[in-house]
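Protein chains: 2
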Amino acid sequence: MKVFIGIDIGGTNVNIGMVSEEKQVLDETVIGTEPEKGPENALNRVASAVHQILKAGQKNADYKGMGVGLPGLLDIENGCIIEASNLPGWQHYGITGFFKKHFKIPVFMENDANLAALGEYWLGAGQGSDNMFMVTLGSGIGGALLSNGKIMRLHPMAGEFGHMIIDKKGFPCTCGRKGCLETFVSKHGFQRLVRERLYKHPDSSLQNYALAAITPPIIAAHASQGDMLANRIFDEAGEALGIALSNLINLTGVTCIICGGGIANAWDLLQKPVMSSLEQNVFASIFSGVKIRKAALGEKAGFMGAAYLAANSV
Amino acid sequence: MKVFIGIDIGGTNVNIGMVSEEKQVLDETVIGTEPEKGPENALNRVASAVHQILKAGQKNADYKGMGVGLPGLLDIENGCIIEASNLPGWQHYGITGFFKKHFKIPVFMENDANLAALGEYWLGAGQGSDNMFMVTLGSGIGGALLSNGKIMRLHPMAGEFGHMIIDKKGFPCTCGRKGCLETFVSKHGFQRLVRERLYKHPDSSLQNYALAAITPPIIAAHASQGDMLANRIFDEAGEALGIALSNLINLTGVTCIICGGGIANAWDLLQKPVMSSLEQNVFASIFSGVKIRKAALGEKAGFMGAAYLAANSV
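In the order they appear, the protein sequences are chains G and C.
Take 43 as the starting number for the first sequence in the working numbering and just add one per residue.
Take 43 as the starting number for the second sequence in the working numbering and just add one per residue.
Rather than coming from a laboratory, the hints here were simulated on the basis of the structure.
Incorrect hints may appear among the rest.
A pair holds if it fits inside one copy or across any two, identical chains being indistinguishable in the list.
To be verified - With a Cα cut of at most 20 Å, we get these calculated EDC-like pairs of lysine to aspartate or glutamate:
#, residue 1, residue 2
1, K220, E278
2, K211, E278
3, K229, E278
4, K211, E321
5, K220, E281
6, K220, E238
7, K220, D172
8, K220, E321
9, K101, E281
10, K314, D117
11, K314, E278
12, K192, D117
13, K211, E238
14, K211, E281
15, K101, E63
16, K192, D172
17, K79, D310
From a predicted model like this one, the values you see are computed outputs, not experimental measurements.
Isolated chain G (complex conformation) (with noise of 0.2 Å):
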């Protein structure tokens, strides 16, 4: 049986799993990655939960290949990260040299978004769909396109989809821009639209926090139990999100969104106003074919992922 290690390391976990060819997976765990210790530490730590799972794992299975995730901007010829805000210092260390001196396998390497976009081609929500596009609604917003389960893409550096201006004369972003969607659908977006709309709102129940201290799940609790102004900042910030789709529908004509992403788990305030701003923007012939999902794999997307790469490189 034909197995392959999926490693998806993370600013604060790292997800290890085995994945067989019938997209069975055999075993998996999680390690923090304690990234301060510097990459070196980290990857023995992974390496010695990898030998373990190795040990106790099924003796009829043949480790053809490891994938592995990174966040940030990636050296993939090189297997090192130019860049990632959460590992600090890790930069140009040989990973995938590393991991492939250790376990004698190929070892393949890939940004993080990229690989939970394929895990849920492969494994979960995007099963079957010859294009997709997975969103990761987070504390920013990550996109990954696939077609045929290959990521698209003609830059390294692209993909970005939260940063697609949609309101020109809109609010300043972090990234300097303006009316990026991330103004919109993101925690600092969501904390801007409650910091505009508060004081026409006094009785709103957000009024009882910090706004400093209010978060996307803070507001999805109070629109769920009917508060008025958080319901309305869904509806905004769900208008928001299907403007930025219906333009990279419109010009790619993908059909298969995913959602996932901590917001995402708001899913149930967020669908109706995406939907709603789907109808009314994409193109009528491509639209009839639009299908839209929250994510389903969650944290294990990226490890599922992971293996898939390795499945389909070696």
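Once you've looked at the hints, dock chain C against the given chain G.
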């Protein structure tokens, strides 16, 4: 010598040409479309024109295939038009079938905007670019994205660049959306910008025109003569085009941009605000590789792209 026949059928004219595998345009001609006489009439006259060229043509020419460009929404599989506003009544007529029967060579069909992009890639301003986006600025805005000389799209209706929303609270577009790129950079977009600003510029030389008679070339002429309002309008249109291109570049990573169509004739007025907007909005790591150029082939790009399509399909 392998030769390919390119035919670009528009609402007014049909451009026809023969191009050798070695990129030599051996012969070319233009006839009127007269679309109101119906497809059979027009296609018969196109066939006669092609026969005339073939008769006069070089002895060693080996005609290997034909490409046909058409406007609007096409059913490429069945070789017919689904919907084309400037070829009314042509729907469902078997266009590739007609030419196959007539010339007994393989015939391929594609949207004219995509063929213009292929033409610029093969013989024009996009030569040598492994990826390329061609934007056509005319009464509307067209767009085509190429990767290694192939049209990138996931859906036959995709590639819609003119209705990218960049100003979600902006002016209503002819399409029903708000703040599309076309509300800034198109005939009606330019007229709208003049209408909104004319009252603030009582000394503008554009005051001498009826609003409905003002066109992009007129505004361009006055801008070149130093009229402040006309210059401001090109600055705003160029900034908007730059924002939409930045969204596209950040998303796809395309780095070679070719601008064609009538409005691109005023490239000396557009270039500066477009570049300044790209510099502000494209991620620095991508921007360093971005090239933006005026299209080189004009009306001939379509038949050249049609010949290229045939050369790459047989």
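request  = Starting from the hint list further up, note which numbers the structure goes against and sort them upward.
outcome  = Those not satisfied are hints 7, 9, 10 and 17.
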